[in-house]
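Visitor: Here is how the chains run, residue by residue.
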Amino acid sequence: MSDSPLALEHEARPELRHHFADEEQQRNAASLGMWWFLGTEIMFFGGMFCGYLVYRRVYFPEFAVASRSLDLVVGTLNTAVLICSSLTVAMSVRAAQLGKRKLQVQLLLATIFFGLVFLSVKGYEWRNKYKEHHIPTFDYNAISGEGDLTKGQESLLGLDKLKNDPVKLQERRAEIQQRSKLFFSLYFALTGMHAIHMVVGVGIFAVITFMAWRGKFTPEYHTPLEIAGLYWHFVDIVWIYLFPLLYLIDRRPGA
Amino acid sequence: MNHSNHSTRSEHIVNAGLYWLVFAILIAATFLTAWIATVDLGVFNTVVALVIATTKASLVVLIFMHVKYTSEKMTKAILISAVFWLILLLVLSLTDYSSRFAG
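Protein sequence lines correspond, in order, to chains S and F.
Residue numbering for the first sequence follows the numbering used here, starting at 8 and increasing by one per position.
Residue numbering for the second sequence follows the numbering used here, starting at 52 and increasing by one per position.
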């Protein structure tokens, strides 16, 4: 940082817009704008989380059983993939702060790679759901309590008490079918909206990587990279909550 | 504003070791939360899962998103107010619906 007066400083730094006093103010204004946006994003996802939590609370047994049909191992590993991408983003911002261009580009490419791996795995999981007829459309045929449940699940759903009453048993099965469908509707809405954010994130980082490769980011100016990073971390945080809420409702043995 | 104070003008550069430490904790917590879900803790299964998720989210916000190091107080104000409204939304809705379908 130089001790030059304001006017000279502006002349020396083409990135510094004239209406900002210095780079710190410009940087803070940009990151503040992204934080405001993330605030609205919290509200956006918050509404869906709220809907999910209310129905999970009201239809807990059906949600718990439907949640077990998700692949725990794949979900856990995919969460780890997303955390790797957050690390590479944080490291690429650091590389920009230190003026290491090559490392910056490598880390950004790694971020895009991890993002695409996450989306591919998500696609694989959705494909399995399609094959299992778990997608809530006309072809939906998920958990109805006919032969596909363990003893613990049957008692959780209250089916064991209805064994001797075929009419009530049939009614209850139809009810379970409907309520588990609601779980999958929320599952696809939440993971789908998260995936859309991931796709947008990958697009943003493609542009950012190009800018980094062109050498646009210096230790003094790397605001686009920094605020794109904020967005990426936010999408990561959404998944950090989605993973336990969707996959881990009830994984206890015997349940 | 005192512009001669140069220490506030440069960004804080986080130690790479700290990033790796946070990363290791996040990965460990991911596997921990998946494993502990298979242990019968009664109602505490959900509580533990959410505590672990919130710890992970806090680490990402504070370290990866640099909130711990920012000199801009507005960032914290926005974050705290957004989280406050979110909690208000979730807690009030859940207390309402929980009491409606009780029994």
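To be clear, the hints were calculated from the coordinates, so they are not data collected in a lab.
Check each hint, because a few of them may be wrong.
FRET-style restraints, in silico, Cβ to Cβ [as the list claims (entries may be wrong)]: (1) S/200 <-> F/139: 47 to 55 Å; (2) F/127 <-> S/259: 35 to 43 Å; (3) F/125 <-> S/260: 26 to 34 Å; (4) S/147 <-> F/144: 38 to 46 Å; (5) S/131 <-> F/143: 22 to 30 Å; (6) S/26 <-> F/139: 32 to 40 Å; (7) S/170 <-> F/71: 31 to 39 Å.
Where a beta carbon is used, it is the ideal one built from N, C-alpha and C, also for glycine.
Visitor: Give a verdict on every hint.
Guide: Here is what the structure says about each hint:
1. S/200 <-> F/139: 47 to 55 Å: 22 Å, violated
2. F/127 <-> S/259: 35 to 43 Å: 39 Å, holds
3. F/125 <-> S/260: 26 to 34 Å: For residue 260 of chain S against residue 125 of chain F, whose Cβ atoms are near 48 Å apart, the range 26 to 34 Å is violated.
4. S/147 <-> F/144: 38 to 46 Å: Hint violated: Cβ distance 27 Å, outside 38 to 46 Å.
5. S/131 <-> F/143: 22 to 30 Å: For residue 143 of chain F against residue 131 of chain S, whose Cβ atoms are near 38 Å apart, the range 22 to 30 Å is violated.
6. S/26 <-> F/139: 32 to 40 Å: Distance hint for residue 26 of chain S, residue 139 of chain F holds at roughly 36 Å.
7. S/170 <-> F/71: 31 to 39 Å: With a Cβ separation near 56 Å, residue 170 of chain S and residue 71 of chain F fall outside 31 to 39 Å, so the hint is violated.
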